[in-house]
Amino acid sequence: MLKRKNTTIPFYMDPWFWVKLMVFVIFAVFLVWPFSSIITNAFKSTKVAGFTMRNFERFFTKKYYYGALWNSVGISLVPSIFAVVLGVPMAYLMTRYNVWGKKIWHVLAILSLMSPPFLGAYAWIMLFGRSGSITTFLANYGITIPTIYGFGGISTVLTLKLYPYIYMYTSGAMESIDSSLEECAENLGSGKLRRFFTVTMPVVTPSITAGALVVFMSALADFGTPMLLGGSEFRTLPVLIYNEYLSETGGNGNLASAISIIIVIITLVMLLVQKSYVGRRNYIMSALRPPKENEVHGFKRFLVTLPVFLISFISFLPQIVVCASSFQHTNYSSFTGGFTFENYQNLGARLWTSLGNTFSYSLIAMVFIVLIGILMSYAIVRKKGKTGGILDMLLMAPYVIPGSVLGLCYIVTFNVKPLILTGTAAIIIISYIIRKLPYTVRSASAFLLQMDPSVEEASINLGVPPMKTFWKVTARLMLPGVFSGAILSWVTCINELSCSIMLSSGHNNTLTIEAYTNIVRNSVGSGAALSAILTLTSGLILIIALRITKGKIRV
Amino acid sequence: MSNAVIIKDAVKKYGDFIALKGVSLDIKEGEFFTLLGPSGCGKTTLLRQIAGFNSIEGGDFYFGDKRINAVPAHKRDIGMVFQNYAIFPHLTVEENVAYGLKARNVPKAEIGPRVKEALELVQIAHLSKRKPSELSGGQQQRVALARAFVIEPSVLLMDEPLSNLDAKLRVQMRTVIKKLQRKLGITTIYVTHDQEEALAISDRIAVMKDGVIMQIGTPTEIYAKPQNPFVAGFIGVSNFLDCSVEEGGVVDIHGQLKIKVPTKKDYVGPAKLSARPEQLFFSEEGLPGEVMFSTFLGDFIEYEVKLADGQSLIVNEYTKDTTEVHEAGEKVFLNFDPTRISVYEAESEEVITC
Chain W
339 MLKRKNTTIP
349 FYMDPWFWVK
359 LMVFVIFAVF
369 LVWPFSSIIT
379 NAFKSTKVAG
389 FTMRNFERFF
399 TKKYYYGALW
409 NSVGISLVPS
419 IFAVVLGVPM
429 AYLMTRYNVW
439 GKKIWHVLAI
449 LSLMSPPFLG
459 AYAWIMLFGR
469 SGSITTFLAN
479 YGITIPTIYG
489 FGGISTVLTL
499 KLYPYIYMYT
509 SGAMESIDSS
519 LEECAENLGS
529 GKLRRFFTVT
539 MPVVTPSITA
549 GALVVFMSAL
559 ADFGTPMLLG
569 GSEFRTLPVL
579 IYNEYLSETG
589 GNGNLASAIS
599 IIIVIITLVM
609 LLVQKSYVGR
619 RNYIMSALRP
629 PKENEVHGFK
639 RFLVTLPVFL
649 ISFISFLPQI
659 VVCASSFQHT
669 NYSSFTGGFT
679 FENYQNLGAR
689 LWTSLGNTFS
699 YSLIAMVFIV
709 LIGILMSYAI
719 VRKKGKTGGI
729 LDMLLMAPYV
739 IPGSVLGLCY
749 IVTFNVKPLI
759 LTGTAAIIII
769 SYIIRKLPYT
779 VRSASAFLLQ
789 MDPSVEEASI
799 NLGVPPMKTF
809 WKVTARLMLP
819 GVFSGAILSW
829 VTCINELSCS
839 IMLSSGHNNT
849 LTIEAYTNIV
859 RNSVGSGAAL
869 SAILTLTSGL
879 ILIIALRITK
889 GKIRV
Chain E
26 MSNAVIIKDA
36 VKKYGDFIAL
46 KGVSLDIKEG
56 EFFTLLGPSG
66 CGKTTLLRQI
76 AGFNSIEGGD
86 FYFGDKRINA
96 VPAHKRDIGM
106 VFQNYAIFPH
116 LTVEENVAYG
126 LKARNVPKAE
136 IGPRVKEALE
146 LVQIAHLSKR
156 KPSELSGGQQ
166 QRVALARAFV
176 IEPSVLLMDE
186 PLSNLDAKLR
196 VQMRTVIKKL
206 QRKLGITTIY
216 VTHDQEEALA
226 ISDRIAVMKD
236 GVIMQIGTPT
246 EIYAKPQNPF
256 VAGFIGVSNF
266 LDCSVEEGGV
276 VDIHGQLKIK
286 VPTKKDYVGP
296 AKLSARPEQL
306 FFSEEGLPGE
316 VMFSTFLGDF
326 IEYEVKLADG
336 QSLIVNEYTK
346 DTTEVHEAGE
356 KVFLNFDPTR
366 ISVYEAESEE
376 VITC
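Quick mapping for you: the protein sequence lines, in order, are chains W and E. In short: position in the first sequence from 1, add 338, done, that's the numbering used here. In short: position in the second sequence from 1, add 25, done, that's the numbering used here.
This is chain E alone, in the form it adopts within the complex (with noise of 0.2 Å):
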């Protein structure tokens, strides 16, 4: 049974240090749900306190329409795939898979297909056997996956499930988790600080900085349309400018370029704007500049502009859009495009384009 997650103003504190300063998630039944953030920003606090390994010191925790604050961790009914595995050393693979369901009082007829199966969805079950010290990081990590999974909790919670692993295995094991939680499609809570991984497998993701939620959204909407400046500069690259927005949405860029931005509030006065280097290109007119350097990357050139002010913007150009490259020292106008950029209130970091 899956069951929807509703927290409501979570706070944690550690004396006089607030690590959680009441955060509020609504995460959907099946939903794949991140939170992303640099480390110190309280994912994983959040995760423990869902988990029921971290105090609460205030707020709302419900799954379905359970509150969950006062029930004890064993009680939660929920998986959990920690860092580090946590693998029973003293168990073999299918002990440690059969755990869960021994404590739960499963009948024992029941235990040794279920453990099976799960074994075999992550492909590890001529491995059953085996004790812990004889696999690999990748399989340890697969009996982690089968044990939080195989008692079927309404709730499955990870936390950086893949930091432990090597590059080419974090790939291979980010997309066995994504086609297993569509599978059984258990809501699942996970945690991490690595931004391309959280946009390659979440359906929405939170990311969180300082014990504050910045943002949530769906991967897409993240990337291309942050709300505030930290996300812009954590979730892929940006360049920020300094501007002032005028009258009609008139975005005023060191008074060298005017570009005319859809917005959803009227906000006139100093802002800042941001872009991807994929949404800068050079033009006949625009912010005047000289290219610093160039990087041949084979499906597109990443150029290094320096503005009249100093300022270094990155610009990448798609080869298959262009013809010449544009070689350092050379004098360029860049241009943007007005409806993938972002502009903030100077003061508030608050999203004024929609």
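Extracted from the complex, chain W is given alone in its bound form (with noise of 0.2 Å):
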């Protein structure tokens, strides 16, 4: 019998094919290759021939390095155990009580998860700081208090940013426990109290700990805090980085790559950790009926919500000290008081450049990421085959790689031939697309699996060609959740310094990495003046995102 043509077609003329070819293009380019020529870096040196291990032994033989490991893992441990602390609590108050002003605290707890990665450590130094103006203050009566430099200011600042993760992915769980869970267990005899630690926290605890994950790993990979509270004594491994690079240049950074691995190393441990425990306790649930708020009145509602204040307020406190900061004189490296503008005038065409290279920088990124992650959410949840899995593989990197990582490897990699790319915007805005793509990815997929596919085959069963049905009903169907990840992956580019920092070459450079050197040099008007209106942009974005998506943002 004759074969006849049939339905198949050459994989050539399936568009799905080119989509997933070009994002495995860009992966390769961007993250694989600049991750492996650091690895192969590591095992280099200028002093000997051939594969060594020379990096590694000094890193480990030397307190100089070896003490950062441990200051790194010790300001990434105990924030993570303190923003439970908080952000346990806070999570129940405010899923099962009627807290007062709920909707503000909500707005705030994301605010400082989003404002600039320093802000915290220089709001702190301005007022608890050596000429802090509490400080000061206290130092007339004789008081003085403990340092804020070094491991415990550190640990605070992290704590006080990083907090809302465990508050956000906590009150997510809450949520979803159905109330006839906890119904039952007080049915059963037990207290509320007792019914919180042994049927609330157990369903709740694989949230928290992925919850805590997020906060040890941004900690981890943090640049800014420890850049400004450590000083010269207290270093961590993205310090580290940072400083080896400057000082190796020219060299083609053995050391700083070593120290990279390391630090992936341990943010897959601790991943790895998170995940076998999760795994062995997946308490799925979907709330048919959620459970209800708690009506309370008078001084109890005041105490519901006096602890919800305080956090929120305090880890929200450094944005409003660094904007009044911001108005006031200053005399060389300090503020001297008053009312003035004029460390805004003094900024001049500072100003314009970086806020100009901001946001052109963020929104050409954000165009290719809202592109490449309606495509490539598709192609991972729609049109997996055989190269779904290392897709999806491939999205975790920007969670195991912290973002001094990242500029190690493009300097290493984009310095020299055949792709030359450091000193370009191009290569800032690459660092952009590559790192936060995978968050825009995954909340498309998380609304396209909701979706019917159904609804896609009737479009083309009514006559429309796949790929126009797809961008004429699927990415249009899709393009709230896309937002809703593109807006948070928007702001984050805005406040982006640790990456941006390294690969950054003056005429380049953003408000976040202006405001940065600015508090660095000690000119803290300038300073206070950027961060000021890099805090109300960042602030201004998130308002109206919230106002779009009712409130509905999940970090």
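FYI, nobody ran anything at the bench for these hints, they're computed from the structure. Backbone N, C-alpha and C define an ideal beta-carbon position, used for all residues, glycine too. It cannot be assumed that every hint is accurate.
Said to hold, decoys possible - Here are some, though not all, of the chain E residues that point toward chain W, as calculated from beta-carbon distances under 7 Å:
| # | residue |
| --- | --- |
| 1 | PHE78 |
| 2 | MET105 |
| 3 | PHE107 |
| 4 | ASN109 |
| 5 | TYR124 |
| 6 | GLY125 |
| 7 | PRO363 |
Claimed, not checked - Some but not every residue of chain E turned toward chain W, in silico, with C-beta under 10 Å:
| # | residue |
| --- | --- |
| 8 | HIS99 |
| 9 | LYS100 |
| 10 | GLY104 |
| 11 | PRO178 |
| 12 | ALA333 |
As the list claims (entries may be wrong) - With a Cα cut of at most 30 Å, we get these calculated DSBU-like pairs of lysine-lysine:
| # | chain 1 | residue 1 | chain 2 | residue 2 |
| --- | --- | --- | --- | --- |
| 13 | W | LYS721 | E | LYS100 |
| 14 | W | LYS810 | E | LYS141 |
| 15 | E | LYS46 | W | LYS724 |
Dock chain to chain to rebuild the complex, using the hints, since each chain is given by itself in its own frame.
Take a look at the structure:
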């Protein structure tokens, strides 16, 4: 019998083949290749030829280096624990009681999470630093306060900035507990407290650990806070990478590469620990009847509001402090009070250049993130095939590769032929895309998973070709999911420091880099003014985003 | 323009699993044809092959005399109603219905009246400006119907369109669909697992099992003359009894009852018999049994009768045909109407009665 042509089309006629190929090429060139070149770099040395463990030996024998490893682990673990201590009670109160001003505290939590990475440290220095306003005020009365530099200060700042992860993950889980579960526990004779520890807590624990993991990884990757509060005594791994890279200029960053690998290994280990813990305790629920809010009145209502108010207010305080100080007179490196616009006036052209850079880079990155995000999430969810798993894995990369590591990867790789990109705006934009794309893809995929595939089939069936159907129906329906992910990505791009500071060459400084550089150089007035502009910009975008999505932002 | 649909030896494979094992159908122009079978029998797989959403691993598909195997889904000119309606959530009712017309570049001036006419046919013209989220399940179903037939497709496909509706609405919508199909005369292929729905709505039915067609026929043929025990059991209720066939079409049941049935082939040997509960009756002699349970259901009485070998049979007796109700524990004799029962060869399960 003659074999006749059936419906199967050749692979090169399938547009999704090209979409996947494009995504693979992007990730291969801008993630796999750079990362593998620092792996090879880590086992090389300028002093000896060929493969060597020299860099690792040096790292683990000199206290200067391995001390930083312990510091990093410390300032990641401690904030993870304290963030749970703050975040879980806040989530419980916010989901179960009619707390006053609920929406405000929720927004403040998101704002402090999305604030520039060095802002908390900077504000704390202004208040409690060596010449901080509170320190000098108390010194007049002969009172000295413990130093905020070093381990304690960094942990405090990171806890206050990152606790919202725990709050948001946990409240999400608490809202999805079916109320009958708790009622059942009560019915079986459990008191409120007992019920909380025997039923509620075990069910939300997987979410708490997921939140704690994110806190750990963010703290470990944080660059601005330990830079400002660590001084010359207390160094963490990202700071080391930055310093090594600066001192090794001209070299090829062998030791910095080795440190990068160590930091990625730590994140991977934590990720696996958390996964294996949750893997054994997966209590997925869909609440048919979400728990209802307890109505309390008078003093009781005040009591449930107070802790929530304190937590979210203190964590938001840095943003107020910085904005307020930006209107004070300065005398070289300290604020002298009064009210003035001179800090803003002094910025001059630097402001407009950096503001222009920030917006053009982040918006160009956003266009790519939204476009690639839509296509990629569709390819992952609907056209999984054999390559879907690899795509999924590539998406995990930005969760485990800290910004400073990716920065180093790019410098090492794109400083030489065949592709020289260092010093260009393009490399900063590319780093934004690679680091933030996964967040958009995940939020879009979650949205797509809930979408009925037969809606697309209905459109094709009615005569609209598949690719046109994709843009006309599927992409259109995915937009809300894509946007809620993309807006968060946008704000984090605007506030990005650890990667872009390594890639920027002065003239393409963003607002965040400019603010940070001014703070480090002790030109506090400009630093405060730039930080205030940055804070207000991020805040405005987030508030608009919250309005549009009706408060349904997921971090 | 309506079309006949001809399918020759359709094969569908998922890896090593063969979902369709060479299915052939000959659906006439304007016919209401139903694919009926339990879940996993391949009925939806076949429908999606016709629609162009499943690849075809073997066989030929024709609309009229045009082979459509290689025609992409969007060019097949098919209307389809999906199980969960698949209404575009971002479009209003009338935009949903106009969608297919726009894709076909129907002139603007023509779209409005055609959409209106279609919505009137399914009686939801007053909802034309609503968004799908403001419609009930039944109303969404009507939108899906209007959207499918407004493009005047050559074939209309329906994939369990009523399974998400409540029982009362299901019966109501089934009449709407049937009347609409008669009026428009579009060749329709309908998929369902509900045998009652299939009997009520179809011109002809193909009963499927494990990727194979078990029987094709009109609802009455399939109910009255099931061609194999599977169809007998799947459609309506049947009692099955082991028996043996002797020379001349004489069926011997347990050595206790002999009846002569009309046969279409000569077969002697072990066999299986199927009989509907209403095709059994109480008589003076026949298969001896004991009434275990009786249920009075108004127009008929349902009995559970236990035979000597322990097997239970269901017997229905119409209230109008009887004066007395048999009580539990009563000894009775059962007999069959020889022209109404079906007898199958024990081994091949092929029918021998005509």
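Violating hint indices (sorted, rising): 7 and 12
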